[in-house]
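**Q** Chains A and B, in that order, give the protein sequences.
Counting from 241, one number per residue, gives the positions in the first sequence under the numbering used here.
Counting from 179, one number per residue, gives the positions in the second sequence under the numbering used here.
Bear in mind the hints are in silico, worked out from the structure with no lab data behind them.
A hint or two may mislead.
[Unchecked claim] Listed next, the in silico DSBU-like pairs over lysine-lysine satisfying Cα-Cα at most 30 Å (straight line): (1) A:Lys285 with B:Lys219; (2) B:Lys219 with B:Lys244; (3) B:Lys244 with A:Lys242; (4) B:Lys192 with A:Lys331; (5) B:Lys242 with A:Lys319; (6) A:Lys331 with B:Lys244; (7) B:Lys192 with A:Lys242; (8) A:Lys331 with A:Lys285; (9) A:Lys338 with B:Lys219; (10) A:Lys331 with B:Lys198; (11) A:Lys319 with B:Lys244; (12) A:Lys285 with B:Lys233; (13) B:Lys244 with B:Lys192; (14) A:Lys282 with B:Lys198; (15) A:Lys242 with A:Lys331; (16) A:Lys282 with B:Lys192; (17) B:Lys242 with B:Lys219; (18) A:Lys319 with B:Lys198; (19) B:Lys233 with A:Lys319; (20) B:Lys233 with B:Lys244; (21) B:Lys233 with B:Lys198; (22) A:Lys242 with B:Lys242; (23) B:Lys192 with A:Lys319; (24) A:Lys242 with B:Lys233; (25) B:Lys198 with B:Lys219; (26) A:Lys285 with A:Lys338; (27) A:Lys282 with B:Lys233.
[Claimed, not checked] On the chain B side, residues computed to face chain A include the following (Cβ under 8 Å): (28) Gln220; (29) Gly287; (30) Pro288; (31) Gly289; (32) Thr293.
Here a beta-carbon is modelled for each residue, glycine too, at the ideal position from N, C-alpha and C.
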Amino acid sequence: RKEVEQDPGPFNVPEGATVAFNCTYSNSASQSFFWYRQDCRKEPKLLMSVYSSGNEDGRFTAQLNRASQYISLLIRDSKLSDSATYLCVVKGAGTASKLTFGTGTRLQVTL
Amino acid sequence: GAVVSQHPSWVICKSGTSVKIECRSLDFQATTMFWYRQFPKQSLMLMATSNEGSKATYEQGVEKDKFLINHASLTLSTLTVTSAHPEDSSFYICSATGTSGTTDTQYFGPGTRLTVL
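Chain A with its partners taken away, still in its complex shape:
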């Protein structure tokens, strides 16, 4: 079983749509959780951290369910510029602990 699992997609949605991505992780000792965005042939960039209480950043809402080891990302009012691969990432305890990446979910927003 992969440490971090995501539906690879692609998700093809029209502009303005709401789309949700899910992710599960296997290591219950994971301490920190993130969503990264990766554009084609580029490095990943941090989109947002994910907290148990849920958090929102503009059109993006992230949720964490530690009991189910489940993370979600909701994008409202999709823009063409949201087209990218969204990576679910978990991290262990400690500053230097490693990040474990999911394979990513590809989103394509169309006119």
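Dock chain B against the given chain A, drawing on the hints supplied.
**A** Chain B in isolation, oriented as in the chain A frame:
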């Protein structure tokens, strides 16, 4: 914000040659640097973790004699792919965490695309 650079951004080499990739933290001191590899349509896979002045810690399955990592200063880590072969062709990305103010976030370099002919 914290900036990490990589050089070169892409490289093409012949099979059997060695390639060195540099990762630099430009505006912070990187106590720990990470090296990742990403094959097409796959996830980033951590290869090794390096702390300044000490030997790198390699992930299971990564050959330390083939992928030489040096983290000689707080702003520079290098990855040398020795005797590269076509199966080493990949996207190599470094990241860094730093001293106070940058301790919890990993900042990623732009990546180096290696093609071995």
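**Q** For every hint, state whether the structure bears it out.
**A** Hints, verified against the model:
no. : hint                   : verdict
1   : A:Lys285 with B:Lys219 : 17 Å, holds
2   : B:Lys219 with B:Lys244 : 24 Å, holds
3   : B:Lys244 with A:Lys242 : 26 Å, holds
4   : B:Lys192 with A:Lys331 : 37 Å, violated
5   : B:Lys242 with A:Lys319 : 43 Å, violated
6   : A:Lys331 with B:Lys244 : 27 Å, holds
7   : B:Lys192 with A:Lys242 : 34 Å, violated
8   : A:Lys331 with A:Lys285 : 15 Å, holds
9   : A:Lys338 with B:Lys219 : 21 Å, holds
10  : A:Lys331 with B:Lys198 : 28 Å, holds
11  : A:Lys319 with B:Lys244 : 43 Å, violated
12  : A:Lys285 with B:Lys233 : 28 Å, holds
13  : B:Lys244 with B:Lys192 : 16 Å, holds
14  : A:Lys282 with B:Lys198 : 20 Å, holds
15  : A:Lys242 with A:Lys331 : 15 Å, holds
16  : A:Lys282 with B:Lys192 : 24 Å, holds
17  : B:Lys242 with B:Lys219 : 25 Å, holds
18  : A:Lys319 with B:Lys198 : 39 Å, violated
19  : B:Lys233 with A:Lys319 : 45 Å, violated
20  : B:Lys233 with B:Lys244 : 15 Å, holds
21  : B:Lys233 with B:Lys198 : 17 Å, holds
22  : A:Lys242 with B:Lys242 : 24 Å, holds
23  : B:Lys192 with A:Lys319 : 42 Å, violated
24  : A:Lys242 with B:Lys233 : 28 Å, holds
25  : B:Lys198 with B:Lys219 : 24 Å, holds
26  : A:Lys285 with A:Lys338 : 16 Å, holds
27  : A:Lys282 with B:Lys233 : 28 Å, holds
28  : Gln220                 : 6 Å, holds
29  : Gly287                 : 6 Å, holds
30  : Pro288                 : 5 Å, holds
31  : Gly289                 : 5 Å, holds
32  : Thr293                 : 13 Å, violated
Violated hints, listed in ascending order, are 4, 5, 7, 11, 18, 19, 23 and 32; each of the other numbered hints is respected by the structure.
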